[in-house]
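Chemist: Chain by chain, the residues run as shown.
There are 2 protein chains.
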Amino acid sequence: MSAANRPCEPSPAEPPRLVTEAERLARVALSCAVEPGDGTTSSLVGQLGAERALQRSLSATEGEPGEMLAARLRAVDAARQLDQAARCGIRFLVPGDPEWPPGLDQLDDAITDDGFGGTPPGLWVKGPMPLTELATSVAVVGSRAASVYGVEMTRAVCAHLALAGVPVVSGGALGIDVEAHGATLSADGVTAAVLACGVDRVYPAQNRRLLHHLASEFAVVSEQPPGSAPTRPRFLARNRLIAALTSGTVVVEAALRSGALNTAGWAESLNRHVMCVPGPVTSYTSRGVNNFLREGRGTVVTHGAEVLELVGAAGEHLVDPPRGETRPRDDLTSVEAKVVEWVPVSEPAQVESIARLSGLHLRTTEGALRRLRSKKLVQLSDEGWRLVPDA
Amino acid sequence: MSAANRPCEPSPAEPPRLVTEAERLARVALSCAVEPGDGTTSSLVGQLGAERALQRSLSATEGEPGEMLAARLRAVDAARQLDQAARCGIRFLVPGDPEWPPGLDQLDDAITDDGFGGTPPGLWVKGPMPLTELATSVAVVGSRAASVYGVEMTRAVCAHLALAGVPVVSGGALGIDVEAHGATLSADGVTAAVLACGVDRVYPAQNRRLLHHLASEFAVVSEQPPGSAPTRPRFLARNRLIAALTSGTVVVEAALRSGALNTAGWAESLNRHVMCVPGPVTSYTSRGVNNFLREGRGTVVTHGAEVLELVGAAGEHLVDPPRGETRPRDDLTSVEAKVVEWVPVSEPAQVESIARLSGLHLRTTEGALRRLRSKKLVQLSDEGWRLVPDA
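From first to last, the protein sequence lines are chains A and B.
With the first letter of the first sequence counted as 1, position 176 gets the number 328 in the numbering used here; the numbers rise by one all the way through.
With the first letter of the second sequence counted as 1, position 141 gets the number 293 in the numbering used here; the numbers rise by one all the way through.
It should be emphasised that the hints constitute simulated quantities derived from the structure, not laboratory data.
Careful: at least some of the hints might be erroneous.
A pair holds if it fits inside one copy or across any two, identical chains being indistinguishable in the list.
To be verified - Below, computed lysine to any residue pairings styled on SDA-like, alpha-carbon distance capped at 25 angstroms:
{"#": "1", "residue 1": "Lys528", "residue 2": "Tyr301"}
{"#": "2", "residue 1": "Lys490", "residue 2": "Phe387"}
{"#": "3", "residue 1": "Lys528", "residue 2": "Gly317"}
{"#": "4", "residue 1": "Lys528", "residue 2": "Leu512"}
{"#": "5", "residue 1": "Lys527", "residue 2": "Leu388"}
{"#": "6", "residue 1": "Lys490", "residue 2": "Ala222"}
On a predicted model such as this, the values are computed, not experimentally measured, just so you know.
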């Protein structure tokens, strides 16, 4: 897609906060040595700044709890990492950079009770799209084992978002994720993938073409340094980034233990919109979504327009409440409406009885019945008047 | 089914309130002349008692607003109505009768802004089952145009309720209603139909056998006197009785303008449980249910057990939260669990790297990896250790 189609140009940035080279290198070192989701280190960085946090972490000696981290930190050559990444077209963003997504800073307020989470030291990004474009984005996530229903809904929602110029963020995984990216691209929309491995790696292998395309035309994002392998905790950590980078998360399909519900949980902790597409209770891949709703969490969405209404600026994308189809009965005069209410649905009644029930004069009732008959709402037989079935 | 299977015997009644013959006859007159859902008359009865309300209503003279009602009341021969009904095996219940369902009295507190609703003057009942058996009942309602999904869910929920001894109330209509009655009967459960016409009439004609069976073995209920035809306002009035007679209403399927949502609305006004079975957003007959949930109304239910949990006495029918299947990973020692977290999902890693990431000694890590391998969670190749796909 052309740059002109992109919905939001980088907003006029505040005067860029000066990020010193020393701070950037400190954050590279932390990014390479600290496992994602290490809330303790993240809090330390928040308190002391990256350089002092790095010094503090490096100072742990043998036998101290931080010994392993200190050893890993000492092994990092930050300048070389940065240089190698740059040669692969990978940039490293840190807080203070104009492109740094401000939503990530809120992650320090959503660290779990067991210390998981926190703002990452930096983000590794491959691709020409500035992350400022994700300011109004929506996450669309779900099961790897997607059903036909889930695939259909993902396509419909993402196409709708794309046409409205709302970028779609997902995890580049099989199933709902790859459909979300693909449907957005098909509708000339903007989409970015957030990975649990380095942005130079391809996981899962089946999505090679998609991930290469995103890295060359849009953006692939990770808090993991290039070369990192995906592990389970890294997937969980990645989910918090998807939630934090977007205005809301749509869970299209999720089994009971799906990672998509983990993303939804992060979105909830971050006060983002959590939007759930309900599904048949008989479907394995909707059980997690339905159960999430059953717990009173998340809002039901049944259409892309409802997603837009929730995440848009106030009043930007209002949706008419669904009304069902219009029925002939909707266009009656008040007298006709009064009369039709009292025409029996089964065994016919005489005009007199209908007039008595509706409290109208006999002639008024008779006139209304004739007009209702020409509108094919009532029928007259030898036994009297009755409703036309299913009118 | 035998009486022994019935879940709740008539509870030891309070000493029966004495209902005078005059009051009963006054209520028969009101039941025959006042249209169901006339909140004004209902309030008058609540204030003055039935006899004085009847006198007041009879006194309206020509030109006064209540003139038509007065004329209709004068035309009723209450004693004869009662006698004729009794000869057809139909009884007339009024407040104060031991069999009168106390839930109906709450209808006077749920009259709509335009004066619709209120406690009916009495109930016409055909069938041997005392309505006291409905004290713990659940309403199961939905679209006349039911889908296969709706029919399946209705059967599953009603069979579950029947086995737990919870009576099922529905409207005797086509679609979900007839399935609800039928599935309950098939599971030897207790079920009653609340009609919009007289209990001696058969509407819809297709359900003749079912309605006759309910009238001879269970109960068919209406606030309309025998012989009355079904009209639209009478269906709406009937819905409030279904909601008031039960502990909660399950909406299995409903299009956007389905009458089942009207019943759910009454249940909501009466502080009964409103339980919704979500469905595919692509299904016409689930749109109303999904939209109801989207408005933040009702609780998602996906199984009969969840219905029981909501309507049961506190702690009576507790449901384990759904957990998803157990995975081999759930049964690991804490060391194994720590190690497996750091085994890459795709490209293999060496023991050293896994030990470093997990913060464990090399030999501990190696031992855990071997045990994980015998549990088929990880695999070892020439390049190192990786997870078994989808383990």
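Chemist: Could you run down the list of hints and mark each one as holding or not?
Modeler: Evaluation of the provided hints:
no.: 1; hint: Lys528 <-> Tyr301; verdict: neither (38 angstroms within a copy, 32 angstroms between copies)
no.: 2; hint: Lys490 <-> Phe387; verdict: between (62 angstroms within a copy, 15 angstroms between copies)
no.: 3; hint: Lys528 <-> Gly317; verdict: neither (45 angstroms within a copy, 46 angstroms between copies)
no.: 4; hint: Lys528 <-> Leu512; verdict: within (21 angstroms within a copy, 81 angstroms between copies)
no.: 5; hint: Lys527 <-> Leu388; verdict: between (61 angstroms within a copy, 23 angstroms between copies)
no.: 6; hint: Lys490 <-> Ala222; verdict: between (82 angstroms within a copy, 20 angstroms between copies)
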